[in-house]
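Those protein sequences? They're chains A and B, same order as listed.
Under this note's numbering, the first sequence is numbered contiguously, ending at residue 335.
Under this note's numbering, the second sequence is numbered contiguously, ending at residue 416.
FYI, nobody ran anything at the bench for these hints, they're computed from the structure.
Possibly wrong hints are sitting among the right ones.
Simulated pairs of lysine to aspartate or glutamate, DMTMM-like, Cα-Cα distance not exceeding 25 Å [stated by the list, open to error]:
| # | chain 1 | residue 1 | chain 2 | residue 2 |
| --- | --- | --- | --- | --- |
| 1 | B | K340 | A | E290 |
| 2 | B | K340 | A | D142 |
| 3 | B | K340 | A | E231 |
| 4 | A | K312 | A | E290 |
| 5 | A | K300 | B | E260 |
| 6 | B | K340 | A | E243 |
| 7 | B | K340 | A | D185 |
| 8 | B | K340 | A | E230 |
| 9 | B | K375 | B | E406 |
| 10 | B | K340 | B | E260 |
| 11 | B | K340 | A | E277 |
| 12 | B | K375 | A | D210 |
| 13 | B | K375 | B | E387 |
| 14 | A | K317 | A | D185 |
| 15 | A | K317 | A | D210 |
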Amino acid sequence: MTEQVPDPSASEAISVIVVDDHPVWRDGITADLERSGIAVVAEASDGGEAIELTLEHMPDVVLMDLHLPTVSGVDAIREITEHAPHVRVLVLSATGEEVDVLEAVKVGATGYLLKSGTAEEIADAVRRVARGEAVFSPPLAALVLSEFRRVAAQGSGEPGLTPRENEILRLVAKGYTYREIAERLFISQKTVQNHVQNILAKLQLRKRYELMRYAIQRGLDRSPE
Amino acid sequence: MALSVSRRAARDVEPGMQGLWFGVLVFRWASYAWMTALAILTREDLRAPGVAFGSIVVIGVWSLWFSVTRGWQRPLVLWIDLTLAAALLLVSGLVMQEGTAGEGAPFFATSYPATAALSVGAAVGIGGGIAAGVLLSLALVISRPLNGLPLVDLTPDQWASLVNGAVYYLTAGGAAGAVSRVLARSAAERTQAIEDAARERERAARLAEREALGREIHDSVLQSLALVAKRGTEMTSRPSVPAGEVRELVELSARQEQELRALLNEPHGEPPPGTVPLRTALQAAAFGVDTVPVTVSTADPAWIPASDVGELTGAVHQALENAAEHASATKVLIFAEQTDGAVVITIRDDGAGFVYDEGALERQGKMGMLRSMKGRIEGIGGTMLVHSAPGAGTEVEFRLPVQVGLG
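Chain B extracted, bound-state conformation (with noise of 0.2 Å):
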């Protein structure tokens, strides 16, 4: 798939450079035309019509093979073509009346030359274009000896012409080599963009296909956990049963279940550098509590620094122990969210609970895990609450000032 459309995007890529050749073939043919229309108007003038018109014949029978023949993908050709082009400006002074060059009167070889610089610049580049302008430049100094001008009686008009056609050269083959690449650049970068956007639905797709498949899976396997935690409570019931060994059972599948679930629902999107999905920190957490289910669940998005995610879920994970195994709770939620600046989490059991009341607390030896917490939470610049009563279960807030920007 990704093939056919870069060669469909090679393809789209012919036009702007079919579109430069075409210029540079009608460039060719209109110079040519008005060189031979030039050199029959003058005839009278020519010192030797023959060579004259004898290479006017060469240079329009090449230029027929060139242009048929598409001479300008081989260097070869390039090569002869400029040749060509520079011996015209050689013939030039010499069958034009001696001492006419670059006077006034109309050059045998017209711009015809220029055609070269033109297909080499097109062909190799900006770097190509303009060593093909020297080169003509240099022919075209030479022109005027042959013509019977020597360069050191050139008078400063003769000599203004001279550089005028050289600058001539050189800026087309200049010219046609920066057209060139910029669209041999865009033809790549389409190319590359086209590619590249086919790559990415491959991969989008080839990812969907997988996360089906995947949700396929879990779906079953998560159906099969529940059922074997929901079939194994009803069997703990009956009395031929071993109930404590079926319990274990359901307890773990259960708990599969969960981490499984915890697992599937890993939260969108990207966090910000250094942060971390306060849902992941969290579950992260609830890992290892086994006797008590844990539901965490969280108002995204929600970040909190990695620096403080070990502190956060020690403390988080101390609240789920506490509540598992002091409380004798029957299932814990937790909720977070980011808020003002602040991520709260708060922490519910639906255990005994108790009057949390820290000097009675610490008579009794059960500040201990609570200060634990407490130490944690603050040692990262946080607060923490405690709400409870006897018979009425168990909330623990932690508050964070967080810096995270919600995105």
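Chain A on its own, in the form it takes in the complex (with noise of 0.2 Å):
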């Protein structure tokens, strides 16, 4: 919102792959995307394709739907976060499917957007999440709100949100920009920032502690004799 023209200095360097089983999709967004200025390197029609081109060309940002023939949305997300972390994954979901949703983001997703956003709105998520940021949008937080408090009910002594956490990710899903938020909580916007990435970074926490503990219960820790 706050860059709706492009900035040549910052979207130069913006490269992304465009990942969607529908070409008709997958042709308008990526021409929305180079309309903005940002170069789309690769397009991939399923999840299989999405992997490899990935580690081909190393984009800053991967625009992926969740919902992709062969390889799915998620588990693709799992392999690209982990052989090219620095690989920034962005979700452009149809849905908005809440399971699919918090999975994607718990494996490493770093934002979610519907697809019914505007051109501009796309664009705009491209380059936040290409310097760093994570995008959530407003159904997003609430979601994670939801997890965060169901994780608490259960009890099990997992890192849940800090107060100032919990405050930051209500306002998000009160729909207030992180300036709005810093503004109204006297912090800067970076703060602001860090906070969410926190966030994120406990959601995908608590997923590796999930994927541990059936590891253990399985006896998967042990190598074989």
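Hints given; two lone chains; assemble the complex.
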């Protein structure tokens, strides 16, 4: 929203791979992004292709749908963030299906947008994600709040949210921008971003705990004799 | 699939009953062997050795046939078995030295007759087992006069021995019946449990399949709607296109997309009795607000009493109309959560905003809608707060005390 006019110095460096199984969408998004001065270096139509092309091109951002043939969006994100940790993944989903979106964020996506967003919103989100910002839409913030609430109710003693993080997440859920939150809480915009990033990190850490617990339960942590 | 599972369950049942029948047969043959051995050892004392050994042979042949053909599966065979056992009791009275039955001397039939009570009990159940026990007890009683001991002349000790025998037969029949009932019931329960599990698995698989299919369809419908909205918006800027008509189409598809997405993302979990998921109520309130996109999100779980839904959705709907019509907002966000015994609903728009001064608004005649919203919320025990400033949008906050547990 703050950068509706493409900023050449910033956008010059941004390279993107667009992943979507619907060719019409792929073309549309690509055209929109290029019009905003963002370079689409490759297009993929399924999860497997997305992984391959990402490892080949190492773009700044992978913009991907979650409903994909062959390898699912979530699995592709897991692969990408594991093998190319500096590549940011921005999820662009039509349904905003909660389980999928939350799962995508847990395995490493740094943002999520609905496909109904405008071309400017999408381009803006790509730039922010490329800068290393986490792009939390209000519904995603609400989802994350629910998730931490569920965890707290279980009382498993896993890292929860600090009161400040809670407050910030709530404001994001209400639709406040980072700038507005910063003004309201008398902190810098950078601090707001850090908080959001920490929330994301906690979510991803929880996922890792979950997998670890699962592995221990199944005895997968022991190497075969 | 369910069929093959239940058949396996039926086979699993067998070991229990098979064990019971094996025990009954072992008892039958052990008591038969003992009876034969005893008859041979005491052959000097028998009044009618021919009858005695004749009946031993008959019982032996019968038992062999009974064991080999699994005679207990047929009621008629069970009746014959029981009759033979009773007859053996009568024969005992006849073949033993006169006046020795129940007098400490080994009884000719030994405990063999109990095997008939066991068989009936195991095959028919407790009632049948006890009935068989009663019949055998009667035969035992009659065996006394046949042995030359009129019932009226029996000593207390002889009576005690008689009762002892009767109790023995009754217990054998009843116990076998009880065991077989327990086995049958647990087998039936297990079969039921296995069938239920199989059915549940099938149901879950079917449901998952349908859901996957649904997701696929929904995804492409939503994609198409979003695409129509997007391309339509671009078209409206071209000179040769009737912008107004296209704009209408765009709005229609955008609205459909929103409503379908809202339906798809119904909150999970079972609401406490008498409550409605907060998100469902808010989505209902957003239906029919056509000119501005409304995003509803909630931190779940959050429920509100069903009795408050009407007033709450009414108030929210008015807030949305306000934003759409008077504030000319381009989007509205609803966020709701349940914290510390209250449900808090925030409705935020990016519209013109205004100075919230009730007196001034009253004079301008703009207080009507606000007062109506406030009245609805206060009517169900809540409060309304409005934050707004010209150019800064409007935020309406409804706060409702709610006694519904978070689960």
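Q | Hints the structure fails to honour | A | Of the numbered hints given earlier, those the structure breaks are 5, 7 and 12, listed in rising order.
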